[in-house]
Amino acid sequence: KAGVTQTPRYLIKTRGQQVTLSCSPISGHRSVSWYQQTPGQGLQFLFEYFSETQRNKGNFPGRFSGRQFSNSRSEMNVSTLELGDSALYLCASSLGSSGGSTDTQYFGPGTRLTVL
Amino acid sequence: GNSVTQMEGPVTLSEEAFLTINCTYTATGYPSLFWYVQYPGEGLQLLLKATKADDKGSNKGFEATYRKETTSFHLEKGSVQVSDSAVYFCALSSGGGSQGNLIFGKGTKLSVKP
Chain D
1128 KAGVTQTPRY LIKTRGQQVT LSCSPISGHR SVSWYQQTPG QGLQFLFEYF SETQRNKGNF
1188 PGRFSGRQFS NSRSEMNVST LELGDSALYL CASSLGSSGG STDTQYFGPG TRLTVL
Chain X
402 GNSVTQMEGP VTLSEEAFLT INCTYTATGY PSLFWYVQYP GEGLQLLLKA TKADDKGSNK
462 GFEATYRKET TSFHLEKGSV QVSDSAVYFC ALSSGGGSQG NLIFGKGTKL SVKP
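Order-wise, the sequence lines are chains D and X.
Sequential numbering from 1128 applies to the first sequence in my numbering.
Sequential numbering from 402 applies to the second sequence in my numbering.
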């Protein structure tokens, strides 16, 4: 079974631009979560989508948004990029149906975003 | 709120040494606990998990036991290899209104020397 895929793997943007990252979950998984990883803050939860609806959201400004399509693929958008948005953005998928704590998340390789 | 605390790194060991990485958590209810590993330039890989008290997760020689009385989930391996060099993250999932939201520790970098 294919794993979680993320595109692109690397991205360089300048301040003020916007960017869209894509995530394709494992077949059959309906939940997609996004995380930001930086050396200073570590791994921080951005949001989670299940069946095309945002089910949970972390503490990030409104410049960070996402969506999920009917095939469970998800995109994340960051508008008006700032230098501090440089990070590794990780996507994770899970079955999501139980909504319980036992649901295991499987991660993609990440998209490395550099903002100049 | 929920949180995970794991020992600061880096940890440097010689091949075949015993490894322990401490992890303690704070959570309401009955969280599930996970260890993920990140190799250089890659995403996170699930190493092992435990979903209830006294469960032992194990994989590739690594193991961790869910201790509710001490709120701990320490990672151990009896004999490390150079290929185990990576960053290890302890995480919890509390479900309920926080489904899809893993809470991570800061990570512990392990370097194994031949």
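To be clear, the hints were calculated from the coordinates, so they are not data collected in a lab.
Hints are supplied without guarantee of correctness; some may be wrong.
Computed list of lysine-lysine pairs in DSSO-like fashion (alpha-carbon distance at most 30 Å, straight line) [what the hints assert, rightly or not]: (1) X:Lys510 with D:Lys1184; (2) D:Lys1140 with X:Lys453; (3) D:Lys1184 with X:Lys469; (4) X:Lys453 with D:Lys1184; (5) D:Lys1184 with X:Lys478.
The structure presented is a predicted model; accordingly, all values stated were derived computationally and were not measured.
The hints, checked one at a time:
The hinted pair formed by lysine 510 (chain X) and lysine 1184 (chain D) meets the criterion: a straight-line CA distance of about 28 Å does not exceed 30 Å. At most 30 Å may separate the alpha-carbon atoms for a hinted pair to count; lysine 1140 (chain D) and lysine 453 (chain X) exceed this at roughly 44 Å. Between lysine 1184 (chain D) and lysine 469 (chain X), the direct Cα distance comes to roughly 28 Å. Compliance with the 30 Å bound is thereby established for this hinted pair. Taking the CA atoms of lysine 453 (chain X) and lysine 1184 (chain D), the gap is about 26 Å. The hint holds against a cut of 30 Å.
Restraint check: the Cα-Cα separation between lysine 1184 (chain D) and lysine 478 (chain X) comes to about 35 Å, which exceeds 30 Å; the hinted pair is violated.
Checked against the numbered hints listed earlier, the structure breaks hints 2 and 5; every other hint is satisfied.
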